[in-house]
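Chains as they are written, first to last, in the numbering used here: chain X, 97 to 527; chain B, 97 to 527.
I should point out that these hints are in silico values taken from the structure, not numbers from a laboratory. Accuracy of the hints is not assured; some may be wrong.
Stated by the list, open to error - On the chain B side, residues computed to face chain X include the following (Cβ under 10 angstroms): (1) Phe110; (2) Ala148; (3) Lys151; (4) Lys152; (5) Leu155; (6) Leu159; (7) Arg162; (8) Lys326; (9) Ala333; (10) Val467; (11) Thr494; (12) Lys496; (13) Gln515; (14) Pro522; (15) Ser524; (16) Leu527.
All C-beta atoms, glycine included, are put in the ideal place defined by N, C-alpha and C.
There are 2 protein chains.
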Amino acid sequence: MNMNEMAVLAREAFYSLSAESDERRNQALLRMADILEEDADVIFSANVEDLAAAKKEGLAVPLLQRLKFDEAKLAQVQAGLRSLASLPDPIGHTVFCHEITEGLKLYRVTCPIGVVGVIFESRPDALVQIASLTIKSGNAALLKGGREALRTNTALAGSVRRALEETGLPANAAQLMETREDVAAMLKEDRLVDLIIPRGSNAFVRYIMDNSRIPVLGHADGICHVYVDKDADLEKAWKVALDSKTQNLSVCNAAETLLVHAGIAEAFLPRFAEMLREKKVEIRGDERTRRLIACEPASASDWSTEYLDAILSIRVVDSLEQAVEHINFYGSHHTDCILTENEGAARYFMDRVDSAGVYLNVSTRFADGFVYGLGAEVGIATGKIHARGPMGLDGLTTYKYKLLGEGQTMGEMKSGLRQYTHRILPESCPL
Amino acid sequence: MNMNEMAVLAREAFYSLSAESDERRNQALLRMADILEEDADVIFSANVEDLAAAKKEGLAVPLLQRLKFDEAKLAQVQAGLRSLASLPDPIGHTVFCHEITEGLKLYRVTCPIGVVGVIFESRPDALVQIASLTIKSGNAALLKGGREALRTNTALAGSVRRALEETGLPANAAQLMETREDVAAMLKEDRLVDLIIPRGSNAFVRYIMDNSRIPVLGHADGICHVYVDKDADLEKAWKVALDSKTQNLSVCNAAETLLVHAGIAEAFLPRFAEMLREKKVEIRGDERTRRLIACEPASASDWSTEYLDAILSIRVVDSLEQAVEHINFYGSHHTDCILTENEGAARYFMDRVDSAGVYLNVSTRFADGFVYGLGAEVGIATGKIHARGPMGLDGLTTYKYKLLGEGQTMGEMKSGLRQYTHRILPESCPL
């Protein structure tokens, strides 16, 4: 089947899924949890093959860990599905009801987006997470996982589709793309595909943006900052800055740059440098940093580099304003933190830093859909449009206006035969 | 000044405007209403020059009407500004507060989008409307009007900027672009410009989408449908269908195609054809339509043409399902109406038609920001992402997450030293 045919089937699946009840969509998720257990042998043996092939190709150990799908991962995925099924329905809510004129009511009602293309990394459990989020929200998904996980993903997608079928829902609401060529072909289907969520490298995300009319939500970079203000509490600052950098080095919400106010740099930096050394983190500092601690010099490109590694760039700034300017200029609008006990400084930072997440006295590592109470996330968005930060169910919904009339015409309004009443009513849409 | 410099200034203006109080932004709108009156002579004489030049170039009469900016237009614009100033602040609202763990609260707070590029048609009053909507919502605007209105727009933009300055707000929150080259240059500024809202021809909107990484909201086409169901009330159907097509021929929410259920076509069409003839509307019908009424034959391309003229295409369909399929396939996801007294048919149509507006028994002409109670509109969006239908103030806002902590780390969460509490609190963000 070619990509256009797949997209047509996805669109049909979306139309039918979007009109299904919440109960039915939840049943599919619960059935999916059971079927994954029934199919466990098939899935595990596919995963063993993927792992063997990946080892042969010399995949790094952390990547092999992510590729693994075993009993423990299965249990996690099942728990996630059951928890998702218990969340309230994200679609069909009346956001407001506005009476336009007598007998004419406008309802803004939440609804699914449509056909969503998601490209994700090697972790096969992501397939089930993403498919379940899209099904719960009434969308159809075109899914592309990592090449090295293809056997596992094929088995998982089979179980997902069986769960849909057995619940009487369209199996084509979850289709697996197999090749990079499929992805390239999907980018052309702007009449059939409504949204693309790429999770991958910076270059890959930019390639998608440059080659499609379809809207893209996601993030290219995760250049997160920690700013230690002159009014920071030192103990908190050491603890939070260290956690932001070192709790997990290879994730997008890890800090890559530390900014320190000149007024506190001498008190903060020497002890912090020791803490980093214990964690084997290399420091790249600007000139003023290097006067206070021994480290490599930072070059201009360091400020815009996402290391995803045991490296931290450090700059001493003259003011809060300079810190905010640095973050807005070099950052990626993902998640940035200020450490301060000064409310005015906190307010300035949180109003002016133009990022999806602005944090006061807490590690950047908290930027995550589960942590935020969104259930799970389909991606993290750093753009301004539609959804920002971790995208859960409500990032996968939009709204439509339903207008229920009794034969009203614009001619009657213009002639004054009818008057605008313009009032908000506390009503839900009956249709 | 080149476009990059303008965009840098717009970005600075956005940062400073976004932190201003609602009171100050409303003051600027009220001052603007006064200044426009003070500057009326300058504006009117610029408009007289624009009109004279346009006449010389042979601009059509309806376009000359739109280009005109006189006492009546001024009064409308002033009333719009005062009404906008009285609307509630769209930014700074806490959407929800979620406690993550003890002493750690996450707030989703509405905020402006940033720098918004708006390209609009020849109507100069649109400049003030759009600038005031962006200022009220804390955004900075780069504005490009029709070439034929340049003198009027330059005068109006001068008044807008003076109102900002005199209120202590950044004048660069409203900058006028003068040439098509400016627009082309803006498309490259994806690090500085957050959103583009083009109001113009289909080809122009597609040109923008194909040449920029910046998200685009708006609509290329307005191919609106009226579907007369077999259970329609004939009187309502005649009235609503006629109004949808003829109340204003040249607007995006006018109907372009009528679909009629075969079971009611014989009762509905002959009388409706007479009504259209009285209004001098040409009919292009499919074969079954032509068996019932005299009209031109519709070709395949008619179903996907936005006439914006006294032409209506008509097709007889076998079923509600076929009508919905036709609309989703040929339509532009703008506004589509069903005429029926059957609740099941209405529900099916409203759930399955994939458009920003789905109407029951009411003219498509109601798709408008003022009519919807949004105050005014900056554009009408037919995509799925961010905003759909008429875009008012809330289409110009997004949100950020503010996380207020006391030094919490992810290490403490992972080690079990702290537990997730995950509860929604009825609190507003204090920062």
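Hints versus structure:
With its C-beta approaching chain X no nearer than about 8 angstroms, Phe110/B sits inside the 10 angstroms limit, and its interface hint holds. A hinted interface residue such as Ala148/B counts as satisfied when its beta carbon comes closer than 10 angstroms to some beta carbon of chain X; here the least separation is about 31 angstroms, so the hint is violated. The beta carbon of Lys151/B is not positioned within 10 angstroms of any beta carbon in chain X (closest approach about 28 angstroms), and the interface hint is therefore violated. Given hint, Lys152/B at the interface with chain X, is violated; its Cβ is 33 angstroms from that chain's nearest Cβ, farther than 10 angstroms.
The interface hint given for Leu155/B is violated, since its Cβ lies 25 angstroms from the closest Cβ of chain X, which is over the 10 angstroms cut-off. Hint status for Leu159/B relative to chain X: violated, with the closest Cβ pair at about 21 angstroms, above 10 angstroms. Hint status for Arg162/B relative to chain X: violated, with the closest Cβ pair at about 17 angstroms, above 10 angstroms. Proximity of Lys326/B to chain X is violated relative to the hint, the smallest CB-CB distance being about 17 angstroms (cut-off 10 angstroms).
Because the beta carbon of Ala333/B sits about 8 angstroms from the nearest beta carbon in chain X, less than 10 angstroms, this interface hint is met. Annotation: Val467/B was flagged as interfacial toward chain X, and the flag holds, the nearest CB pair being 6 angstroms apart, inside 10 angstroms. For the restraint placing Thr494/B at the interface with chain X, the shortest Cβ-Cβ distance is roughly 5 angstroms, inside the 10 angstroms limit, so the hint holds. At its closest, the beta carbon of Lys496/B sits 6 angstroms from a beta carbon of chain X; the interface hint therefore holds under the 10 angstroms criterion.
A cut of 10 angstroms between beta carbons decides the hint on Gln515/B: the least distance to chain X is about 12 angstroms, and the hint is violated. Evaluation of the Pro522/B hint against chain X yields a violated restraint, the C-beta minimum of about 15 angstroms exceeding 10 angstroms. A distance limit of 10 angstroms between C-beta atoms decides the matter here; for Ser524/B the minimum to chain X is near 14 angstroms, and the interface restraint is violated. A distance limit of 10 angstroms between C-beta atoms decides the matter here; for Leu527/B the minimum to chain X is near 5 angstroms, and the interface restraint holds.
Hint compliance for this structure: hints 2, 3, 4, 5, 6, 7, 8, 13, 14, 15 are broken, all remaining hints hold.
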